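Taken in order, these protein sequences are the chains called V and W. Residue numbering for the first sequence follows the numbering used here, starting at 4 and increasing by one per position. Residue numbering for the second sequence follows the numbering used here, starting at 4 and increasing by one per position.
Any given hint might turn out to be false.
Derived SDA-like pairs: lysine to any residue, alpha-carbon spacing no greater than 25 angstroms straight-line [to be verified]:
hint, chain 1, residue 1, chain 2, residue 2
1, W, 186, V, 93
2, V, 63, W, 412
3, W, 186, V, 87
4, W, 369, W, 356
5, W, 343, V, 19
6, W, 343, W, 364
7, W, 375, V, 63
8, W, 375, V, 37
9, V, 90, W, 152
10, W, 375, W, 362
11, W, 419, V, 19
12, W, 375, V, 17
13, W, 369, V, 23
14, W, 186, V, 94
15, W, 369, V, 87
16, W, 343, W, 370
17, W, 227, W, 148
18, V, 90, W, 255
19, W, 419, V, 20
20, W, 227, W, 160
21, W, 343, W, 227
22, W, 375, V, 40
23, W, 334, W, 419
24, W, 375, W, 413
25, V, 90, V, 39
26, W, 369, W, 384
27, V, 90, W, 309
28, W, 92, W, 152
29, W, 28, W, 386
30, V, 63, W, 362
31, W, 26, W, 77
32, V, 90, W, 214
33, W, 92, W, 188
34, V, 90, W, 31
35, W, 375, V, 90
36, V, 90, W, 155
37, V, 90, W, 211
38, W, 375, V, 87
39, W, 186, V, 70
Quick caveat, the hints were computed from the structure, so don't treat them as lab data. Just so it is clear, the structure is predicted and the values come from calculations on it, not from any experiment.
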Amino acid sequence: MSIDAVERRLTCIVCPIGCIVTVRVSGDRLEASGYLCSRGLDYARQEALDPRRIAITVVKVRYGDIPVVSVKTDRPIPRRFVREVAKLAAYIEAEAPIELGQILLEDILGTGANLVATRPVRRIE
Amino acid sequence: MTRYDTIVIGGGPAGLSAALKLKAKGFDSLVIESGDRIGGIPLQCIHPGFGLHYLGEDLTGTEFIHRLIGMVEDQGVEYRVRSHVVRVKPSRTGYPYKRIEAVSPYGFIEVETPILIYTAGARERTIFEIGVTGERLSGVFTAGEAQAYMDIFGILPGSRIVIIGSGDVGLIMARRFALEGAKVEAVIEMMPWPGGLTRNIVQCLLDYDIPLLLSRMVVRLEGKRRVEGVVTVRVDEDLNPIPGSEELIECDTVVVSAGLTPNVRLLEGLGLAMDPSTRGPIVDDYLESITYQGIFIAGNALVVNDLVDYVVEQGESAAEGASILLYEGVKPRSYVRITKGRNVRLIVPQYLSCEKDAVLYMRVQKPEYDVKVCFEEISREFRYPVVRPAEMIRLTLRRSDLEDLRRLDSLTVEVKRV
Numbered sequence: 004m005s006i007d008a009v010e011r012r013l014t015c016i017v018c019p020i021g022c023i024v025t026v027r028v029s030g031d032r033l034e035a036s037g038y039l040c041s042r043g044l045d046y047a048r049q050e051a052l053d054p055r056r057i058a059i060t061v062v063k064v065r066y067g068d069i070p071v072v073s074v075k076t077d078r079p080i081p082r083r084f085v086r087e088v089a090k091l092a093a094y095i096e097a098e099a100p101i102e103l104g105q106i107l108l109e110d111i112l113g114t115g116a117n118l119v120a121t122r123p124v125r126r127i128e
Numbered sequence: 004m005t006r007y008d009t010i011v012i013g014g015g016p017a018g019l020s021a022a023l024k025l026k027a028k029g030f031d032s033l034v035i036e037s038g039d040r041i042g043g044i045p046l047q048c049i050h051p052g053f054g055l056h057y058l059g060e061d062l063t064g065t066e067f068i069h070r071l072i073g074m075v076e077d078q079g080v081e082y083r084v085r086s087h088v089v090r091v092k093p094s095r096t097g098y099p100y101k102r103i104e105a106v107s108p109y110g111f112i113e114v115e116t117p118i119l120i121y122t123a124g125a126r127e128r129t130i131f132e133i134g135v136t137g138e139r140l141s142g143v144f145t146a147g148e149a150q151a152y153m154d155i156f157g158i159l160p161g162s163r164i165v166i167i168g169s170g171d172v173g174l175i176m177a178r179r180f181a182l183e184g185a186k187v188e189a190v191i192e193m194m195p196w197p198g199g200l201t202r203n204i205v206q207c208l209l210d211y212d213i214p215l216l217l218s219r220m221v222v223r224l225e226g227k228r229r230v231e232g233v234v235t236v237r238v239d240e241d242l243n244p245i246p247g248s249e250e251l252i253e254c255d256t257v258v259v260s261a262g263l264t265p266n267v268r269l270l271e272g273l274g275l276a277m278d279p280s281t282r283g284p285i286v287d288d289y290l291e292s293i294t295y296q297g298i299f300i301a302g303n304a305l306v307v308n309d310l311v312d313y314v315v316e317q318g319e320s321a322a323e324g325a326s327i328l329l330y331e332g333v334k335p336r337s338y339v340r341i342t343k344g345r346n347v348r349l350i351v352p353q354y355l356s357c358e359k360d361a362v363l364y365m366r367v368q369k370p371e372y373d374v375k376v377c378f379e380e381i382s383r384e385f386r387y388p389v390v391r392p393a394e395m396i397r398l399t400l401r402r403s404d405l406e407d408l409r410r411l412d413s414l415t416v417e418v419k420r421v
């Protein structure tokens, strides 16, 4: 007996049309319907099998001209890790000065993505 | 009296891109910014989605604006921060000079210029503008205030959040609250469709299981000192409340995301003609005021935009118009007025000179599928599989299309079903 197929409805975000794509995943097989172009199918496949996002949050800064620095993962990470990244970021502290794009944490949670600063912070003693 | 070729009021993306473009053309300008630093709104926008068109990269607001600030520093564009313009008036030295007066910690600033580029952005609508009654409780913020609290100052304003309005800033803040450990009880939207982009509905609400309540409005805040809940009511198709449909949603924080409105007080003082649908000034395709020579308006002060790329494009377009005026002086011009037809809520610019390609930005009144945007007099049409009020439509009319139009005085734009 095969495992019951899981059916999901996704809203495609590739273009403003916003097709509602119905996706059925059973094992490693995927069926999709409701999309108008091949980009919709690609989106649905990615979103159903391995949804990814860029995680954004803030990290505390010592001696900064502002108390937190905004950060992001430098590439999309699996969606289930996004909340974990935000939680982890709450426990780390960086020290000013910080440059735009500076890596604050490498290979975060084993995703291969680095946590980088998205804003420069000046040092104030 | 110090004189500049141009003065730019507002050091956000529109003003900075205008000043950079003017510098490249060899004109000097002074950017006057009221905030502590140049950069404007993107300074507090830590989410991605900025600069896809202008820089060809998907950046966060903070990354985007620091690129732009880097260019401003490299090019030596002159600017003053913490300087608040209090008055713009015709100069005593006479036409075409305008005198700009600003207060700042460094003293009173008085400068003169023949050309003003006004890029003071938009302000958020507040709880007092959306028909909500009740006490003046603490715990009520605009979305931008909540954003500054969390992403610049690192403070979480509350733990159980209700967001009024489903505009993009509200949706983005819903995700930020959810990620930082607050619970978003609901996003409440009066219209039957969401106010924000589809991308944000999916990635900010659906990803975090945040309920979006459509056709519902908040009528009252409940609470003693701090807000303790909001009373909502369902509305019918004409947005009238349905009696008996009141519901209380408990929360400790209310975030108002009821859209933006252009900051035009200084311009109103000068008597510039305003468009009630954009709530910004009426301009031609150089983005120059139709009623006040030498004042150009760009960015959210002109019309509330969805994308920073459009804001930058308008800044550059205003600078282009300003440089033509500086090179060639005043020329008599005849205009063609754009008339709004079916399902067109707003369009900018409102007048065309027909001397050049014209970039138009428009919004529809209601969502529609399979439509074309038609300009009947010049037989041009643009097909769209879908149009939505949340997504600004940008289109270009070629100079060659517009040439025949000069004999007429009006051009009609309308959305038709295919």
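Right, here's what the structure says about each hint:
{"no.": "1", "hint": "W:186 x V:93", "verdict": "holds (17 angstroms)"}
{"no.": "2", "hint": "V:63 x W:412", "verdict": "violated (59 angstroms)"}
{"no.": "3", "hint": "W:186 x V:87", "verdict": "holds (16 angstroms)"}
{"no.": "4", "hint": "W:369 x W:356", "verdict": "violated (29 angstroms)"}
{"no.": "5", "hint": "W:343 x V:19", "verdict": "holds (23 angstroms)"}
{"no.": "6", "hint": "W:343 x W:364", "verdict": "holds (13 angstroms)"}
{"no.": "7", "hint": "W:375 x V:63", "verdict": "violated (50 angstroms)"}
{"no.": "8", "hint": "W:375 x V:37", "verdict": "holds (23 angstroms)"}
{"no.": "9", "hint": "V:90 x W:152", "verdict": "holds (18 angstroms)"}
{"no.": "10", "hint": "W:375 x W:362", "verdict": "holds (17 angstroms)"}
{"no.": "11", "hint": "W:419 x V:19", "verdict": "holds (18 angstroms)"}
{"no.": "12", "hint": "W:375 x V:17", "verdict": "holds (21 angstroms)"}
{"no.": "13", "hint": "W:369 x V:23", "verdict": "holds (20 angstroms)"}
{"no.": "14", "hint": "W:186 x V:94", "verdict": "holds (20 angstroms)"}
{"no.": "15", "hint": "W:369 x V:87", "verdict": "violated (39 angstroms)"}
{"no.": "16", "hint": "W:343 x W:370", "verdict": "holds (17 angstroms)"}
{"no.": "17", "hint": "W:227 x W:148", "verdict": "holds (22 angstroms)"}
{"no.": "18", "hint": "V:90 x W:255", "verdict": "holds (22 angstroms)"}
{"no.": "19", "hint": "W:419 x V:20", "verdict": "holds (17 angstroms)"}
{"no.": "20", "hint": "W:227 x W:160", "verdict": "holds (18 angstroms)"}
{"no.": "21", "hint": "W:343 x W:227", "verdict": "violated (47 angstroms)"}
{"no.": "22", "hint": "W:375 x V:40", "verdict": "holds (20 angstroms)"}
{"no.": "23", "hint": "W:334 x W:419", "verdict": "violated (37 angstroms)"}
{"no.": "24", "hint": "W:375 x W:413", "verdict": "holds (20 angstroms)"}
{"no.": "25", "hint": "V:90 x V:39", "verdict": "violated (38 angstroms)"}
{"no.": "26", "hint": "W:369 x W:384", "verdict": "holds (19 angstroms)"}
{"no.": "27", "hint": "V:90 x W:309", "verdict": "violated (30 angstroms)"}
{"no.": "28", "hint": "W:92 x W:152", "verdict": "violated (36 angstroms)"}
{"no.": "29", "hint": "W:28 x W:386", "verdict": "violated (37 angstroms)"}
{"no.": "30", "hint": "V:63 x W:362", "verdict": "violated (43 angstroms)"}
{"no.": "31", "hint": "W:26 x W:77", "verdict": "holds (11 angstroms)"}
{"no.": "32", "hint": "V:90 x W:214", "verdict": "holds (23 angstroms)"}
{"no.": "33", "hint": "W:92 x W:188", "verdict": "violated (49 angstroms)"}
{"no.": "34", "hint": "V:90 x W:31", "verdict": "violated (48 angstroms)"}
{"no.": "35", "hint": "W:375 x V:90", "verdict": "violated (47 angstroms)"}
{"no.": "36", "hint": "V:90 x W:155", "verdict": "holds (18 angstroms)"}
{"no.": "37", "hint": "V:90 x W:211", "verdict": "holds (15 angstroms)"}
{"no.": "38", "hint": "W:375 x V:87", "verdict": "violated (45 angstroms)"}
{"no.": "39", "hint": "W:186 x V:70", "verdict": "holds (24 angstroms)"}
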